[in-house]
Amino acid sequence: MTTSGTAEDRANDARRLGLMIVESRSGQALAAAIPHLREAADLFGKAQRTMRRAECLVDLGRVHRRLGKHGEAAAVYGEALGLVEDESDLTMAITAASEAGLSLLEHGDPAPALVMLQRAEGLADKANDHLQLAQVRLELAQCHIVRQDHVAARAAASLALTTFTAFRKPQQRIACEERLAEAAALVGDHADSSRRFAAAANGLLELGRHADADEVFARWADHARDRADFAEAKTIDEQRIARHEASGNRGLQSHALLHLGLVQAKAQDHTGAMATFNRALQLCQTVDDQAGMGKAEFHLGAALLRSGQAEEGEHHLRLAIERAAAAGDQRTEEEALAGLVRQLRGRGQAKAAVEYLTRWVEVLRRRGDRAQEILALGELVEAGRQSGDLSQAEQGLRELIAACNEAAHRVQLIDAHHHLGVLVSRRGDLASGLDHLRRSLELLGEIPAYATRSQLLYRIGNLELRQQHPAEALQHLQGALAANPDEKLRPRILVDLGNAQALLGQEDVAIELFEQAAKVAEKQGDMRATTIIRRGAGGLKK
Numbered sequence: 004m005t006t007s008g009t010a011e012d013r014a015n016d017a018r019r020l021g022l023m024i025v026e027s028r029s030g031q032a033l034a035a036a037i038p039h040l041r042e043a044a045d046l047f048g049k050a051q052r053t054m055r056r057a058e059c060l061v062d063l064g065r066v067h068r069r070l071g072k073h074g075e076a077a078a079v080y081g082e083a084l085g086l087v088e089d090e091s092d093l094t095m096a097i098t099a100a101s102e103a104g105l106s107l108l109e110h111g112d113p114a115p116a117l118v119m120l121q122r123a124e125g126l127a128d129k130a131n132d133h134l135q136l137a138q139v140r141l142e143l144a145q146c147h148i149v150r151q152d153h154v155a156a157r158a159a160a161s162l163a164l165t166t167f168t169a170f171r172k173p174q175q176r177i178a179c180e181e182r183l184a185e186a187a188a189l190v191g192d193h194a195d196s197s198r199r200f201a202a203a204a205n206g207l208l209e210l211g212r213h214a215d216a217d218e219v220f221a222r223w224a225d226h227a228r229d230r231a232d233f234a235e236a237k238t239i240d241e242q243r244i245a246r247h248e249a250s251g252n253r254g255l256q257s258h259a260l261l262h263l264g265l266v267q268a269k270a271q272d273h274t275g276a277m278a279t280f281n282r283a284l285q286l287c288q289t290v291d292d293q294a295g296m297g298k299a300e301f302h303l304g305a306a307l308l309r310s311g312q313a314e315e316g317e318h319h320l321r322l323a324i325e326r327a328a329a330a331g332d333q334r335t336e337e338e339a340l341a342g343l344v345r346q347l348r349g350r351g352q353a354k355a356a357v358e359y360l361t362r363w364v365e366v367l368r369r370r371g372d373r374a375q376e377i378l379a380l381g382e383l384v385e386a387g388r389q390s391g392d393l394s395q396a397e398q399g400l401r402e403l404i405a406a407c408n409e410a411a412h413r414v415q416l417i418d419a420h421h422h423l424g425v426l427v428s429r430r431g432d433l434a435s436g437l438d439h440l441r442r443s444l445e446l447l448g449e450i451p452a453y454a455t456r457s458q459l460l461y462r463i464g465n466l467e468l469r470q471q472h473p474a475e476a477l478q479h480l481q482g483a484l485a486a487n488p489d490e491k492l493r494p495r496i497l498v499d500l501g502n503a504q505a506l507l508g509q510e511d512v513a514i515e516l517f518e519q520a521a522k523v524a525e526k527q528g529d530m531r532a533t534t535i536i537r538r539g540a541g542g543l544k545k
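In terms of the working numbering, the sequence shown opens at residue 4 and continues consecutively.
Heads up, some of the hints might be wrong.
To be verified - No more than 16 Å apart at the CA atoms, straight line, and that leaves these computed lysine to aspartate or glutamate pairs for EDC-like:
| no. | residue 1 | residue 2 |
| --- | --- | --- |
| 1 | Lys237 | Asp225 |
| 2 | Lys49 | Asp16 |
| 3 | Lys354 | Glu385 |
| 4 | Lys354 | Asp392 |
| 5 | Lys129 | Asp92 |
| 6 | Lys269 | Asp215 |
| 7 | Lys354 | Glu382 |
| 8 | Lys129 | Glu180 |
| 9 | Lys354 | Glu397 |
What the hints assert, rightly or not - Here are the in silico distance ranges between beta carbons for each label pair:
| no. | residue 1 | residue 2 | range |
| --- | --- | --- | --- |
| 10 | Thr238 | Gln151 | 51 to 61 Å |
| 11 | Lys491 | Arg401 | 25 to 35 Å |
| 12 | Gln398 | Glu490 | 28 to 38 Å |
None of these hints come from the bench; they were simulated from the model. Remember, predicted model here, so these are calculated numbers, not experimental data. Every residue gets a Cβ at the ideal spot worked out from N, C-alpha and C, and that includes glycine.
Start from the sequences and build out the full structure, keeping to the hints where you can.
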């Protein structure tokens, strides 16, 4: 057997195993398929089987999307598109470009998503595949809506609607109606928007797709709620509840109740919201719906907090965290953790907050939400400091530094190195402290953050002084004094400048600097500092 044949056999085995995992597992367990599909793609590449490699990459992209890792999915689909961009397989190229565009859209990047979807549109047009072209235009309409371009959204959705109507594709036609409803809402034509939402939802009911119809009704209610038309939103949700109660669909009924509770909460009807959330919770309990119970506990806890019932609200948030975790509902788990952390920190319970912050960071990391993870790590560091748990604060800072690996994270990285430098130097590791402070200053570059620059230069100078490097300290302290906008920091900089000059044998200069520091402290009303500074200067005069 040739090397190429061996690689291809191994690739087939790896892909088969990966797809078996995809078919048999759900939730985060799907992640087990990723290394097998990646191995298959790489092996097909070595065997020079380009199309098979592209197929594996598309499989891999779908796994990433199902896991909610849309950035990774977009990258993999882009890799697949690069293999077939010569249009050797138009169908594969259209799929890769379209899926990449949707992944970018879900990742919150509408501009590159538009580029990818327009690429897919061009490929579908070249393939003369009318249905695929209409599908891409439907996706383009969604992208235009995210970009708030109602004209382009309406044009794309109308073209898609014409094709789907001609080919008698009712579900796709209904999806076009919803895009047109959203486009109408963008320009404030709420009458046309409501008419189209109703047409889309009722069309799905006629097809017997009750769950899909319920989602459209929910999105319609969202639009009404977001423009503060609470009466219309409540009417839509109450009709949903009545419909599901009549049909005996308790799952959809509980979802509609939760939705109604959110409308009531936004309308400041907290008593009504709590009653509705309680009703949803009881309904979920009758069918042992753990995910539904988690959502109901979360919303009930949040409503109780808003009404001033802190202890009871925290209790329900804790229940929400556990139920959501048991159900694998990471989104609700993350929301409940965030709510509980805010509540605990707001009440000054930093030590209790640290426990939930640690868990919050873990959930965000599993979800791949890097931006929110960085913010949560920052909170973890602050809570660790407030609780006196410096080891937790240090660990959080190191994790924060590791997480900040993109240019957009520069400010957080500057702060993390700054705080870590201060923290480790306080426990006596001056060398590591200097390394982190210098790295922070280097990252600061030419950013005009004068207070931060002055603090960094002062702290670097102070540590160099403590290590008996007065010449190096002097240079940084002089820079700190020149950049400093904070009068409260000025006496400390002057004192350290005096100490550096004294170590360099310039005692007269040192005495003058100490006197300047004493006068500034005296002017600020800090008589204790004034006395200490003058005593130190007196020792030099002798």
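Given pair status - glutamate 180, lysine 129, alpha carbons within 16 Å: Given pair lysine 129, glutamate 180 is violated - Cα atoms ~26 Å apart, limit 16 Å.
Given pair status - aspartate 215, lysine 269, alpha carbons within 16 Å: With Cα atoms ~25 Å apart, lysine 269 and aspartate 215 exceed 16 Å; violated.
Whether the CB-CB distance between glutamine 398 and glutamate 490 falls inside 28 to 38 Å: 35 Å, holds
Pair hint outcome, lysine 129 versus aspartate 92 [Cα-Cα no greater than 16 Å]: Judged against 16 Å, a Cα distance of about 12 Å means the pair holds.
Consistency of beta-carbon spacing, glutamine 151 to threonine 238, with hint 51 to 61 Å: 27 Å, violated
Distance restraint between lysine 354 and glutamate 382, which requires alpha-carbon spacing of 16 Å or less: Holds, because 12 Å separates the two Cα atoms, which is no more than 16 Å.
Beta-carbon spacing of lysine 491 to arginine 401 - inside the hinted bounds 25 to 35 Å or not: Once the Cβ atoms are compared, 30 Å apart, the range 25 to 35 Å for arginine 401 and lysine 491 holds.
Straight-line alpha-carbon gap lysine 354 to glutamate 397, limit 16 Å: At roughly 15 Å apart (the allowed maximum being 16 Å), glutamate 397 and lysine 354 satisfy the hint.
Given hint glutamate 385 paired with lysine 354 - CA-CA distance at most 16 Å: Holds, at about 11 Å.
Restraint check for lysine 354 with aspartate 392, where alpha carbons must lie at most 16 Å apart: Measuring from Cα to Cα gives roughly 8 Å; hence the hint holds.
Given pair status - aspartate 16, lysine 49, alpha carbons within 16 Å: Answer holds: lysine 49 to aspartate 16 is near 15 Å, not above 16 Å.
Hinted pair lysine 237 and aspartate 225, Cα distance within 16 Å: 10 Å, holds
Comparing the model with each numbered hint stated earlier shows that hints 6, 8, 10 do not hold.
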